[in-house]
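Keeping the supplied structure of chain F fixed, place chain D upon it in accordance with the hints.
Protein sequences, first through last, are from chains F and D. With the numbering used here, the residue at position 98 of the first sequence is 98, and numbering never jumps. With the numbering used here, the residue at position 221 of the second sequence is 221, and numbering never jumps.
Don't read these hints as lab results, they were simulated from the structure. No residue lacks a Cβ here, since even glycine has one placed at the ideal position from N, Cα and C. Honestly, I wouldn't trust all of these hints.
Only some residues are given here: those of chain F computed to face chain D with a beta carbon under 7 Å [claimed, not checked]:
no.: 1; residue: 40
no.: 2; residue: 68
no.: 3; residue: 74
no.: 4; residue: 132
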Amino acid sequence: MTRATSSPQHLVDHALETSASPECVVIVQDETHANLRWANNTLTTNGVGHDVGVTVIAFRDGATASVSSTAASTERVTALVEAADAAVRRAQPAEDRNDLVSGDAAADWDDAPAATSIEVYGAFAKALGEEFERAEAEQRVLYGFVNHEIATTYLGSSTGLRRRHVQPTGHYACTGKTADLSTSAWVGGATRDFTDVDAHAMADTLTTRLGWATRRVDLPAGRYDTVLPPTCVADVMLDAYWGAGARVAHEGQSVYARRGGGTRIGERVGRPGTHLYSDPAYPGLECEPFVLASSSGNTSSVFDNGLPLARTEWVSDGILSSLIQTRHSATMTGQPVTPGIDNLVLEVDGASGSIGDLVADVDHGLLLTCMWYIREVDPQTMLLTGLTRDGVYLVEGGEITGAVNNFRWNESPVDLLRRYTAASATVPGLSREWGDDYFSRTAMPGLRVPDFNMSSVSQAL
Amino acid sequence: MASLSDHPDAWDRIDPTFTALPHRRLAEAALARARDFGVDHADFRFERVRYQYFTVRDGQLQGASDSEDLGFAVRVLHEGAWGFASGVVLSRDAAVVVAEQAVRVAQVAGRMTRRRVELAPEPVHDDVAWCSPYLVNPLEVPLEEKVDLFRDWTSRLLAADGVDHASGGLQAVQENKFYADETGTVTTQQRVRLEPHLEAFGADEASGRFDSMRTIAPPVGRGWEFVADGGYDFDAEVEQIPGLLREKLLAPSVEPGAYDLVIHPSNLFLTIHESIGHATELDRALGYEANYAGTSFATYDRLNSLVYGSPVMQVTGDRTVEHGLASIGYDDEGVQTQSWDIVRDGILVGYQLDRPMAHTYGAELNGGRSNGCAFADSPGHIPIQRMANVSLQPDPHGPDTDGLIDKVERGIYVVGDKSWSIDMQRFNFQFTGQRFYRIEDGKLAGMLRDVAYQGTTTDFWGSMEAVGGPQTYVLHGAFNCGKAQPGQVAAVSHGCPSALFRGVNVLNTSEEGGSLEPVDAPGDEAVTE
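Chain F on its own, in the form it takes in the complex:
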């Protein structure tokens, strides 16, 4: 990778020294990435890259101005500082104005950024090439994508705060189809370094699942006893999380709004024993332990940069216990400050076993693989719509007995929290819909929902 001409720490210090504003926050993110993409048993695109992003936030008399750019030199950072200084002089006081977070330098502040490269796929790439040969010979078609990136973030402020965080993010996914493209299966997951991703195992899983589809059964729309694997649970719980902004709820515009005013914090929204939480230290899903905010909005405040983050229960024992709060919205709502965190975990007390154990208890129902194109239909109930995808399997007498057509479904994740009847153990599960680009750090159980609403049949294969 080409390195920046100045170190990230130097860029932070330079910005703070150059700033003419009374207060200033600087965020420098050094990021490297490498990816491979394939279709029809051959590689299609790929890429490696290096980016250095700098955000300068100037503060003056309660007003703020945020300016960001790719900036790998002190000259470029000087230009950003000047732009922020000029903008803040013209800005009006911000509604979320607050004291900046103070502190000192973290012990790892002087450490260099970490980096990745195309070599992270050394073993994987060789095995993938072999699997292309095998798939071609055995009349299957593979399509997929792997991505690995490492972002090292440096946060500095005029109050003396210096924080550093290294965030590795990786994920893999592969879709397999029979040669006639009539049957499809998918496998995917998250990883921090690709040492735990095996292209052969990935292809073997696809082969097994395509085999489940030897018997094809067409079913009509309706409500089905349905087992959602962790990836599907992650898909819908992320909507439940992203929609949990305290201000919007307090102002009466979300499923978490109390009729007549205020939020539903303290109300039961799920079955007892249900816990939805975020924890920056969750093993395998570690993420930034402090707030990073380049601009203010309903769920973020630039004044909160550097606030420490800790485990936060959003739903505790089935009770809505927290919503995503800035210090500003916490004042509005009279609730504790609970900023958003970059991972999400759902746990059910006493839940154990695997998806296979949930399936074994189903007499007549469906096992899903993953979901797609999930969008909110009605914020009143957080009704979502979406599709099943790449493998809907018929379960009869506790056994998978065939593959079923796809469906469009309409369901609310908040409603599902009270309607599920069984859960498996919580395990890492990558959201197919959101994991690639937005939120890959999720751990979920499988859930059995006895009356999942399959609204109509999709012809998609």
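Chain D in isolation, oriented as in the chain F frame:
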């Protein structure tokens, strides 16, 4: 206003702070280094994309940010495999290193590339410039001037009867691209675009329902004049939105079933985007997107035979229409942009192409050339086949929207977009909207709520009985079209007239949610509703 595309003064319009950047020196160094390895093809792309975004709520600025994406990329075709690398250090040495990385990536990729990549030919475009047509660059207007306008609008909305809160905001973009390849094509381009929005929120105390009403103003490839100087009548919308919101909150819930629909362009554009735009991307039809957004029912073997819709359906693709969000002079593979037919008289006749696909399919589709649909959303991303402005053409002698409504005995008139979703082969879709009006005996008879229409693409377009005339045509669009892995976001326009569809399935969204019978845990107290 005359188009500035390929106009001699395009050079004069391009931001001098971009042309002052060292892209030509870096291109020379990178392409020379790539040639050292004997690559089959090499191109160099240098971009600066400036974004400004702000939001206001209830008359107060909520947040604002200026950001910029500046960097370059080298893409090589080496022994039949792609190699792509990008960087942000703007020096000749760094350009050389990035070129070497691209070759190294191609070498790794070669082990997994089982079919050689080859490119359709394209004439050399020697140092040409293009600039999109606009009067006032929105990024050069002082932020406070823009914010004040939106603060005023949201204050006026908030002051209206029945409005509890009001939000608004603007995203403005200036995109500069420089491209050079080993054949001698060199292009320098600039375009601006903006997306304004306003939304009012309210609740009905009696029912406990809350809802919102949003402006139907389109995002456009225009300048600040669109917002502030009569390009769009925002004042009229600010006046109308509170009343529309109150009516929606009190409207009866729709009875599900089959209805005739008259759909306004502010809603129909999104149905076009999802069910035609993406479905006729040839990379999707060939499986390139199978692991992400999916494939397409409109497979290549159905070219010239697939009945996509009724005979009144005429759909074009283009990257040239004035003010189109996907319009540009040359694509990210150095191909001069074009326009072409995609659906003619209801039959599939065309696809969107890039140069690798045109090498194999271009002879039949476009005289052996790409039709200019390669695009990367940033210097750090590889170009992929991206959507043109895909538009449904009006009937030159067609009626106005009232004329279409007049043809309906029992139906619904749909205005504005809201929720959208379609399956991974572009068959099954479900859309909602901002507002729905009951149609009875050819007349509007008040609003309905809880409406979603659901259909299968070819059935839906097959049910299109009539399209409106040119007087109903609007160039609408979206800023947020997502595609590919790693994900890329693009802006695209879709023009269309109002149109009449017969017998479309309508759902009641409030009936879709919830279980048939609440399930409580054994021994659990009732869930608080």
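Against the structure, the hints:
no.	hint	verdict
1	40	holds, 5 Å
2	68	holds, 4 Å
3	74	violated, 13 Å
4	132	holds, 6 Å
Hint compliance for this structure: hint 3 is the single one not met.
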